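**Student:** Each chain, written out:
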Amino acid sequence: MSKIYQTPEEAKQDQQYLETLAELIYQLADDDLLISHRGSEWLGLAPHIEEDVAFSSITQDTMGHAAMYYQMLEELGFGKADDIAHLRKPEEYRNAALTERVNGQGHYKENPDYDWGYAIMRNYAYEVFKKARLDALENSSYAPLADTAAKIKREQFYHLYHWEVWIDQLSHSTEEAQNRLNAALKKTWEDVSSLFDLGSKGAKMVELGLIESVDVLKEKFISRIQAKIEGAGLEWPGEFKALETTGREGKHSQEFVDALNELNEVYKLDPQASW
Amino acid sequence: MQEALTSLEKQVWEKLQLVTDPEITSVSLIEMGMVEAVEIAESKVTVRMIPTYIGCPALNMMENDVVKSVSDIEGIDEVEVIFLKKPIWTSDRITAEGREKLKEYGIAPPPLESKQEGVWEIECPYCNSPKTVMNNIFGPTACRSIFYCNSCKNPFEAIKPV
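So the sequence lines, in the order shown, correspond to chains A and B. Mind the numbering: the first sequence is residues 88 to 362 in the numbering used here, read in order. Mind the numbering: the second sequence is residues 32 to 193 in the numbering used here, read in order.
Please note that the accuracy of each hint is not assured.
What the hints assert, rightly or not - 27 Å max Cα-Cα, derived DSSO-like pairs, lysine-lysine: (1) A:Lys90 <-> A:Lys288; (2) A:Lys167 <-> B:Lys41; (3) B:Lys99 <-> A:Lys167; (4) A:Lys99 <-> B:Lys116; (5) B:Lys162 <-> B:Lys116.
It should be emphasised that the hints constitute simulated quantities derived from the structure, not laboratory data. Because the structure is a prediction, the values reported are computed rather than measured.
Turn these sequences into a full structure, and let the hints guide you.
**Tutor:** Below, the structure is given as structure tokens:
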């Protein structure tokens, strides 16, 4: 049984614990930030008005989750939450590659040719993973993180449910829909390993009781997602592809750098402005 | 607890009862189950609140409204609002009065049972018919869904159970 840290002050007393904890929270925050940024690029482009409403609600919730994690970092003495979110260098971000991929060809302001199938599968895989990770975090040795995870879970339930409805409906519609979902699932699988990477401090995170091991997370992920995919008559893509780059160590695509520049453009104009 | 309240504490709670959800102006923050505690130390009031949805854009407005309203009380110089991480807000914190007032606003209160599982049984806030169907799990705000009543033919919103 790991020692439980009740407050930021307690965590700050133990340098190794603090550094390991911060590394985990950066991963949590940056994953939610990037996936919700990609979600926000769908605004006005979703297949129908109800989906526009739903996806923007999910995006708003998820951005709120990221903000809560950045706030935790602020409480742990890593600077102002908004600065942490906006002013770091690209190599200081810790998000998984899956969360930073573009939505498709083009740009949301000009000729967006986005792939809705990929939106469904990427977000579905992310939410199944996020659920497994939140379940693990509920038992985290950092009590404020456990409380936050419990709260996020209540909202996240609807996000996961939402993408499952899309899979259920499309997989039972046309052959084209099935083909597109299968292709999107394959593309998602290219990056799915990136989610399960805890970075160089991963073993320490598990040892300090901050989160469960990657094996446990993987098992939970696969048991839920495989049942859904096979139940929907889609092709189970099998083993994860080996990790190529590790976002957890700050290695990101040019697509990510472009996204970051857009994301922080307004904030950088006047960081003193009140929001 | 009520009889132990000082007159100042009573005034603070009365003021809080006047602060409503900016998006649902029939329901007070107290009725939404968002006010956890009020502490008074000399001329400073601390209001401990439980945020509803994490990304809710109305939280800052609620905070400002609380500060403004409570500051009006004579003898109060400083008002601080603290949003708590624990306990977490769940939709069953909405009081019985709150649930009635939501209906007056045309919004169905969240079901008390069957939390986040299975099919929700939602009654129409206009005609109380149980013959309703969900049109979209996500509504105009993160906390609401859109339903349709097959009896009185009105579309309406419902607070999601969390």
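**Student:** Quick one: which hint numbers does this structure break? Sort them smallest to largest.
**Tutor:** When the structure is compared with the hints, numbers 2, 5 turn out to be violated.
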